[in-house]
Amino acid sequence: NAGVTQTPKFRVLKTGQSMTLLCAQDMNHEYMYWYRQDPGMGLRLIHYSVGEGTTAKGEVPDGYNVSRLKKQNFLLGLESAAPSQTSVYFCASSRAGGQGETQYFGPGTRLLVL
Amino acid sequence: GQSLEQPSEVTAVEGAIVQINCTYQTSGFYGLSWYQQHDGGAPTFLSYNGLDGLEETGRFSSFLSRSDSYGYLLLQELQMKDSASYFCAVRDGYSSASKIIFGSGTRLSIRP
Chain U
61 NAGVTQTPKF
71 RVLKTGQSMT
81 LLCAQDMNHE
91 YMYWYRQDPG
101 MGLRLIHYSV
111 GEGTTAKGEV
121 PDGYNVSRLK
131 KQNFLLGLES
141 AAPSQTSVYF
151 CASSRAGGQG
161 ETQYFGPGTR
171 LLVL
Chain G
310 GQSLEQPSEV
320 TAVEGAIVQI
330 NCTYQTSGFY
340 GLSWYQQHDG
350 GAPTFLSYNG
360 LDGLEETGRF
370 SSFLSRSDSY
380 GYLLLQELQM
390 KDSASYFCAV
400 RDGYSSASKI
410 IFGSGTRLSI
420 RP
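Sequence lines, in order, name chains U and G.
Residue numbers for the first sequence follow this note's numbering, so the first one is 61 and each next one is one higher.
Residue numbers for the second sequence follow this note's numbering, so the first one is 310 and each next one is one higher.
Don't take every hint at face value.
Chain G side only, calculated, beta carbon under 10 Å to chain U, not exhaustive [claimed, not checked]: (1) Gln-311; (2) Leu-313; (3) Ala-325; (4) Gln-328; (5) Phe-338; (6) Tyr-339; (7) His-347; (8) Ala-351; (9) Asp-401; (10) Ala-406; (11) Phe-411; (12) Gly-412; (13) Ser-413; (14) Ile-419; (15) Pro-421.
With beta-carbon atoms standing in for the labels, derived distance ranges [claimed, not checked]: (16) Asp-98/U to Gln-311/G: 43 to 53 Å; (17) Gly-157/U to Thr-320/G: 32 to 42 Å; (18) Lys-117/U to Gly-362/G: 43 to 53 Å; (19) Thr-65/U to Ser-317/G: 28 to 38 Å; (20) Lys-130/U to Gly-324/G: 41 to 51 Å; (21) Glu-318/G to Thr-65/U: 27 to 37 Å.
Derived from the structure by calculation, the hints contain no laboratory data.
Glycine is no exception: its CB is placed at the ideal position from the N, C-alpha and C atoms.
Based on the provided sequences and hints, a complete structural model is requested.
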């Protein structure tokens with residue numbers, strides 16, 4: 061049981077490049093989330109999904125797109141990376157309803173945009 | 310707008326008790342959660358309060374007062390491994406599908 065996994069673990073991009081971060085969970089969770097965390101800061105929600113085929117905007121959605129084509133996967137895309145998107149990105153998943161308050165986090169992806 | 314306020318840093322002595330407060334202002338409310346994060350690691354879930362009162366899980370307890378928009382995390386019998394950042398989080402709405410907002414975190418340092 062791997063829990064929540066993220067790919068890649070670390071990436072360096074040049075301004076304007078694109079990339080996709082992959083999140084996978086094997087707990088059959090309905091809800092999945094993408095957060096970013098800047099140094100010394102809390103987590104800020106980028107986008108989230110409450111079920112396969114559905115997505116919703118979080119607190120800081122600009123510059124990012126997501127897709128949830130399969131229940132176990134949640135993809136985060138950066139179409140044109142900017143230095144302001146340098147951050148640590150965490151994916152999380154949870155059950156639906158009241159049990160959804162326990163989020164399980166992946167190990168994070170460290171992204172540096174030059 | 311929505312916001313969560315918690316102290317940025319707290320220092321305590323090993324074996325002591327420490328309380329980390331969290332006040333929130335949101336358009337809706339669906340419970341208060343607490344997470345722990347060690348440096349370089351991922352957040353891990355500690356506790357959740359959906360109703361007013363105290364929830365106890367081992368050395369950790371969490372309290373919620375919805376009328377005061379306030380909660381706290383209580384850590385007892387502090388150990389060096391408790392040195393970490395602690396985040397409160399709420400859903401900004403009235404359902405489990407509402408978006409989640411995290412506080413900026415409280416960095417807890419434990420002294421021997």
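To see whether the hints hold, each was checked on the structure:
1. Gln-311: holds (9 Å)
2. Leu-313: Hint holds; Leu-313/G Cβ to chain U Cβ min 8 Å, cut 10 Å.
3. Ala-325: With a minimum Cβ separation of about 25 Å from chain U (threshold 10 Å), the hint on Ala-325/G is violated.
4. Gln-328: This hint is violated: Gln-328/G lies away from chain U, its Cβ roughly 19 Å from the closest one there, beyond 10 Å.
5. Phe-338: violated (12 Å)
6. Tyr-339: For Tyr-339/G, the interface hint holds, since the closest Cβ of chain U sits about 8 Å away, which is under 10 Å.
7. His-347: violated (12 Å)
8. Ala-351: Holds, because the Cβ-Cβ distance from Ala-351/G to chain U comes to roughly 4 Å (cut-off 10 Å).
9. Asp-401: holds (9 Å)
10. Ala-406: With Cβ-Cβ at 5 Å, under 10 Å, it holds.
11. Phe-411: With Cβ-Cβ at 4 Å, under 10 Å, it holds.
12. Gly-412: With a minimum Cβ separation of about 5 Å from chain U (threshold 10 Å), the hint on Gly-412/G holds.
13. Ser-413: holds (4 Å)
14. Ile-419: Hint on Ile-419/G: violated, closest Cβ of chain U at ~19 Å, above 10 Å.
15. Pro-421: violated (25 Å)
16. Asp-98/U to Gln-311/G: 43 to 53 Å: Between Asp-98/U and Gln-311/G, where Cβ atoms are some 18 Å apart, the hint is violated.
17. Gly-157/U to Thr-320/G: 32 to 42 Å: At 38 Å between Cβs, range holds.
18. Lys-117/U to Gly-362/G: 43 to 53 Å: violated (33 Å)
19. Thr-65/U to Ser-317/G: 28 to 38 Å: Given a distance of about 32 Å, which is inside 28 to 38 Å, the answer is holds.
20. Lys-130/U to Gly-324/G: 41 to 51 Å: Roughly 48 Å apart at Cβ, these two residues keep to the hinted range, so it holds.
21. Glu-318/G to Thr-65/U: 27 to 37 Å: At roughly 32 Å between Cβ atoms, Thr-65/U and Glu-318/G fall inside 27 to 37 Å, so the hint holds.
Going down the numbered hints, you'll see the structure goes against 3, 4, 5, 7, 14, 15, 16, 18, while the others check out.
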